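Position chain B against the provided structure of chain A, taking the given hints into account.
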Amino acid sequence: MKRTFLAVLLGGILSAGAAFADPTVIRVGYPGVGVDNQPYGYGDTASLAHVGKYLEDAFKDNPDVKVQWTFFRGAGPELNEALAAHQLDFAAGLGDLPSIVGRSRGLKTKFLLPASEHGSLYLAVSPKSNINTIDDLKGHKVAQFRGTNLQIASDAVLEAHSLTEKDVKFVSLTTADGLAALTSGNVDASFGGSEYLDLQKRGIVKIIYASKTDAPIFGTNSAFFVTEEFEQAHPDLTQKVVTAFVKAAAWGSTEANRQQVFEAWAKSGVPVESFAEDLQGLSLARENTALIDDFIKARYADKAAKAKQYGLIKKEIDLNSWFEPKYLEAALKELKLENFWPTYDANGKKLTDGAVESQKQAAAQ
Amino acid sequence: MARIPPQLLTQSLQSSAALAADQHAALLLGGYHPTPTGDALMQETITEAGVVRARIPALDNLAAKDHQQPSAVYRLAIFVVTRLGPGLILPLVLLAVWQLSATYGWLPDQILPAPALVLDVLQERISDGSLWDDTSISLLRVLRGFTLGAGIGLALGGALAASPRLHDYLNPLFLAVSQVPILGWVPLLILVIGIDEGLKNSLVALSVFIPVTLGTFQGIRDVPFAYREVGQVLTFSRLQSLTTIILPAAVPAIFTGLREGLSNGWQTLVAVELLASTEGLGFQMAYGRQLFQLELVIAAMLVIGLIGFLFDFLLGRIETHLQRWQVAA
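Chains as they are written, first to last, in the numbering used here: chain A, 54 to 418; chain B, 113 to 441.
The following block holds chain A by itself, in its conformation from the complex (with noise of 0.2 Å):
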């Protein structure tokens, strides 16, 4: 009697214990690390997202859920493999060729919503080097990280010179390694983002190209994806998930926040006065707009048929299928957003006014 009573109890507390389960951990991936692998991003909404905590904060009071970031030194290329081996969940800010690869390599992946539009491609040479245009590149040693949205960017930059790969000699090297090869004259030109602002500040090199004056094929993107496995257990916190990146665009978006965007920016290491001079002239909500419009739609297609005009996929992949909006709808529905900000057409033209516009007009007044 005594002994059935013990089993029970034990069963009993057991099975309470069971009860509280492990906790989900939500594990997030954002492809790249800062100046000296600090794990901190720039250039998209993620990093905002990251580094104010806005995923943290939606599931304060949850304390059944867990949200873990991993920064990915190899950039797409190696957050691709974690997403295959099923360790990831969600993908924070993948550019477009990794995630166009992946697809096409039958990864089950859905697009949630943009992390960053028209980020700037910058050519950079060494300051005493003869090479000026793009087409003096023929022949000449590249450093360009393979894999990632630049280069897919970069070879419709060549194609437009009517030049291919194969008259580059493209050599892969990660951020920092294509920065400490350009300064030490191992390679003649690099291929980059934002980072090489701050060289060309200190007389280090010269940028010959910027993609922000040229068409916008030749600007990087990124969004934020989930794989379908997640989205199907836990619809839910996916959409939980998608509010909260959808309060950091929206915050990332405001004029007002400018120089903190670009401080949150900067704890990667990458100088503040690098983002001012990138984005001198142009709106954060831009480069920040959280909507599925026609223009992130055309962009990505584009993007698809140049990876495969470049032979970098062999597989055409499916687009319609991709995009996954009702997050986003309900997200904007929820945080009444859904006239913040202004839409364009797939030529960039703007369809829409957008409130966050109005504001920054009422700041400069």
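Please keep in mind that the hints were generated in silico from the structure rather than gathered at the bench. Treat the hints with caution; some may be incorrect.
Stated by the list, open to error - Distance windows between CB atoms, simulated: (1) Ile190(B) <-> Leu216(A): 55 to 63 Å; (2) Asn310(A) <-> Leu212(B): 49 to 57 Å; (3) Arg195(B) <-> Ala354(A): 37 to 45 Å; (4) Gln362(A) <-> Thr259(B): 51 to 59 Å; (5) Gln285(A) <-> Leu212(B): 23 to 31 Å; (6) Glu236(B) <-> Thr123(A): 28 to 36 Å; (7) Gln312(A) <-> Gln211(B): 55 to 63 Å; (8) Gln362(A) <-> Gln211(B): 51 to 59 Å; (9) Tyr186(B) <-> Arg126(A): 53 to 61 Å; (10) Glu236(B) <-> Gln253(A): 52 to 60 Å; (11) Pro203(B) <-> Val325(A): 55 to 63 Å; (12) Gln285(A) <-> Glu391(B): 53 to 61 Å.
Keep in mind that this is a model prediction, so the values were computed, not measured. Beta carbons: idealized from backbone N, C-alpha and C, even for Gly.
Below, chain B without anything else, positioned relative to chain A:
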């Protein structure tokens, strides 16, 4: 005593019969007149010259057949099955496990592509010539580095063995340098030499030089004193002593060093091409990884492994050829 294969048995009987005949002939010359032994099995005939030829009729047919060697194809097949066969079992098992993994999805197919996919990509790269391009570039690099490293290694190893004083001066530094992993030199060498061919040549040469020096030094040092004494007794000059006694005796150790050197050199080249290159097999591996086409990585690995195996096999044959003067105990 080893088991004698049948065809050798007849041959040896034949030759011992011939030997017996020769011995008879020798005795004849010394004035001995043989008489047939009258053995039922063996027929002896004494020719006019007095030479005895012995035959064993029962084995005649076999002997006649033996003059036709088994066909080359048959001999190659026997060689493959008996010598290479055991070594092929494990790779075939691994291949089976790989195929099972692909069929049942034990590992995601983006991480471990199916064997059929790897075969496809190999065929593609062979047919458009890109595999040969990359392989030839890598091979040239390793041969250049190997020649440089082995040349210096042989010379230095010989010098260290010849001069104990030089050995005392250089050995500690040499040991220290040989402990540093080759890839540890990369950041320093990139600053000094850049990422061009010079980097690959020097790193491959360095990785080859260390085992070759050690092998040569030990090989020459370990030549038994008895052998050197023979040279002294026969009043060989230094050069004669070197080429006739010391080098042949040191061949096993020198070749061990050369084989390890070539293997190291090949591995180092692939590693350097992974880090800083614009073409080559290692570059293909890195490229495949960046573009999430891991079948490119595996295809490159297969080619690299095969070439490494061929290098070792080739050096092994050269060593055997150089040691043909050795009488097996």
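A quick look at each hint next to the structure:
1. Judged by the Cβ atoms, the range 55 to 63 Å given for Ile190(B) and Leu216(A) holds: they are separated by roughly 57 Å.
2. At roughly 55 Å, the beta carbons of Asn310(A) and Leu212(B) sit within the given window of 49 to 57 Å.
3. Between Arg195(B) and Ala354(A), the C-beta spacing of about 58 Å breaks the proposed range 37 to 45 Å.
4. Distance hint check: the CB atoms of Gln362(A) and Thr259(B) are about 43 Å apart, inconsistent with the given range 51 to 59 Å.
5. Between Gln285(A) and Leu212(B), the C-beta spacing of about 28 Å keeps the proposed range 23 to 31 Å intact.
6. Look at Glu236(B) against Thr123(A): about 35 Å separates their beta carbons, and that is inside 28 to 36 Å.
7. Range check, Gln312(A) to Gln211(B): about 59 Å between beta-carbon atoms, so the 55 to 63 Å window is met.
8. Between Gln362(A) and Gln211(B) the CB atoms are about 33 Å apart, so this pair departs from the stated range of 51 to 59 Å.
9. Distance hint for Tyr186(B) and Arg126(A): a CB-CB separation of about 57 Å, consistent with the stated range 53 to 61 Å.
10. Checked against the hint of 52 to 60 Å, the C-beta distance between Glu236(B) and Gln253(A) comes to roughly 42 Å, which is inconsistent with it.
11. A hinted range of 55 to 63 Å holds for the C-beta pair Pro203(B) and Val325(A), which are about 57 Å apart.
12. Look at Gln285(A) against Glu391(B): about 44 Å separates their beta carbons, and that is not inside 53 to 61 Å.
Hints 3, 4, 8, 10, 12 from the list above are not met by this structure, while the remaining hints are.
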